[in-house]
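First to last, the sequence lines map onto chains A and B.
For this note's numbering, add 2 to where a residue sits in the first sequence, where the first one is 1.
For this note's numbering, add 9 to where a residue sits in the second sequence, where the first one is 1.
Hint data in this document are derived by calculation from the structure and do not stem from the laboratory.
Quick caveat: nothing in here was measured; it's all calculated off a predicted structure.
Where a beta carbon is used, it is the ideal one built from N, C-alpha and C, also for glycine.
Some hints here could point you the wrong way.
Computed from the model, here is a short list of chain B residues facing chain A with C-beta under 7 Å [to be verified]: (1) N74; (2) L93; (3) V96.
The primary structure of each chain is shown beneath.
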Amino acid sequence: MPGTHPDVVVIGAGALGAATAWFATRAGLTVEVVERGSIVSGTTSACEGNLLVSDKEAGPELDLALLSHQLWRGELGEFGGLWEFEEKGGLVVAATAGGMAGLTELTERQRAAGIDVREVAADEIHDFEPHLTPDLAGAAFYPQDCQVQPMLMAAHLLRLARELGARVRTGTTVTGFLRDGDRVTGVRTDRGDIAAGHVVNAAGTWAGELAALAGVEVPVLPRRGFILVTEPLPPTVFHKVYAGEYVASTQSSDEGLQTSTVIEGTRAGTVLIGSSRERVGFDRTVSLPALREIAGKALALYPGLAPVALMRTYLGFRPYCPDHLPVIGTDPRAPGLAHVAGHEGAGIGLSVGSAKLLVEAMTGATPTIDITPFRPERFSLQEVS
Amino acid sequence: MTDQVSLTFDGVAITAAAGQSVGAALTDAGIRSWRSTRRGGRPRGLFCGIGVCFDCLVTVDGRPNQRACLVPVRDGMRLESGGLREVDARG
Numbered sequence: 003m004p005g006t007h008p009d010v011v012v013i014g015a016g017a018l019g020a021a022t023a024w025f026a027t028r029a030g031l032t033v034e035v036v037e038r039g040s041i042v043s044g045t046t047s048a049c050e051g052n053l054l055v056s057d058k059e060a061g062p063e064l065d066l067a068l069l070s071h072q073l074w075r076g077e078l079g080e081f082g083g084l085w086e087f088e089e090k091g092g093l094v095v096a097a098t099a100g101g102m103a104g105l106t107e108l109t110e111r112q113r114a115a116g117i118d119v120r121e122v123a124a125d126e127i128h129d130f131e132p133h134l135t136p137d138l139a140g141a142a143f144y145p146q147d148c149q150v151q152p153m154l155m156a157a158h159l160l161r162l163a164r165e166l167g168a169r170v171r172t173g174t175t176v177t178g179f180l181r182d183g184d185r186v187t188g189v190r191t192d193r194g195d196i197a198a199g200h201v202v203n204a205a206g207t208w209a210g211e212l213a214a215l216a217g218v219e220v221p222v223l224p225r226r227g228f229i230l231v232t233e234p235l236p237p238t239v240f241h242k243v244y245a246g247e248y249v250a251s252t253q254s255s256d257e258g259l260q261t262s263t264v265i266e267g268t269r270a271g272t273v274l275i276g277s278s279r280e281r282v283g284f285d286r287t288v289s290l291p292a293l294r295e296i297a298g299k300a301l302a303l304y305p306g307l308a309p310v311a312l313m314r315t316y317l318g319f320r321p322y323c324p325d326h327l328p329v330i331g332t333d334p335r336a337p338g339l340a341h342v343a344g345h346e347g348a349g350i351g352l353s354v355g356s357a358k359l360l361v362e363a364m365t366g367a368t369p370t371i372d373i374t375p376f377r378p379e380r381f382s383l384q385e386v387s
Numbered sequence: 010m011t012d013q014v015s016l017t018f019d020g021v022a023i024t025a026a027a028g029q030s031v032g033a034a035l036t037d038a039g040i041r042s043w044r045s046t047r048r049g050g051r052p053r054g055l056f057c058g059i060g061v062c063f064d065c066l067v068t069v070d071g072r073p074n075q076r077a078c079l080v081p082v083r084d085g086m087r088l089e090s091g092g093l094r095e096v097d098a099r100g
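When you get a sec, could you build the whole thing from the sequences and use the hints?
In structure tokens, the structure reads:
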């Protein structure tokens, strides 16, 4: 890489790195992406591609989701076909009257916060999802919930960025940072140094390790999740369908196994069935209890799936922060370094809003929404004391 | 001499050696493709041959999406190309 001196080095070629590369090149910056594996080799290829507002409540994450929703449909709308963007809407179902009462309270708060949501009576559910069990108390429909194929999305954004001049280096591991005092002035890699105006940590679940290499703490930790993949089926599941407890589990800090149903069909005909959450570090051992629990809960909602064969299962490590907010912004503890990571199970959907905000922060542009709730230094002891 | 079994593929009679997989029997009979991709309509048959890739799906005696490389042939077996499982709402 001798001779290159890009404005921005992005570490990581997943959804966040790809989106950052694209927004940065669009802003006129020269960009080099370095990735130790191949493109989309981390959590981006081990997730579902959710663009959800239905699991959010009023607050900074909802603001980021609504911004991202605008970008997916607006600025990136012309590319939607490349990554199977589908505005299919989400249906959150409640099995019991008590569950429905809780869902109604949630939807009232969400409506007040600007989310488009309408209640669905028990006898209307089958107009949305004819294969759902008739044994439900009610549901809520979220037309803003969308889906993309995350690997296609990240790969195409990288390609589009390259067409605008960005370079992508795979098989290149960052081993350290170039420094000028506190300032970060580039990266050291196993294939040579790259000096750069800004270095962006988009290393996903591994962003904490990378930040530590720069001497700053960014507490991003892995939360393991399994997904089941069915054989290809004729259209069977038409929306993103979740059990009401999904929202609670995304916000939970429990360490043990939690499962809550998330089901969606894909363009390929397979049905993806999730979800589970466990804090077991980077353990890739397949857990039959987790798979059984996911399958059992899915069958309670879709009894017709009982004879359907599973083709495979996969697992991913969602990057979570202790306060369940992502880390987005320049790092005052190490000027020149910025982070965009830690989106837990929402990183695909939130990638574009996050990348846009980060590029605004790096270029000194007026932020579209308040970025301070995501500031990377919020965990440090100095701020607490 | 190996025992022979008789089966049909899309109604056409073929013979196979007992113990062969459906995928091997079809390939032996000169049939390389028994499925087409869902979007591009491109031909698919054996790829990995060891049960991993799900490229060789075939309908066996009315059961869709069976992996041809893993199912042993049986006398009288009826094989059909394509086919998707119909999902009954009531399970």
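Each hint, compared with the structure:
Given hint, B:N74 at the interface with chain A, holds; its Cβ is 4 Å from that chain's nearest Cβ, closer than 7 Å. For B:L93, the interface hint holds, the least distance from its beta-carbon to any beta-carbon of chain A being 5 Å, beneath 7 Å. With its C-beta approaching chain A no nearer than about 5 Å, B:V96 sits inside the 7 Å limit, and its interface hint holds.
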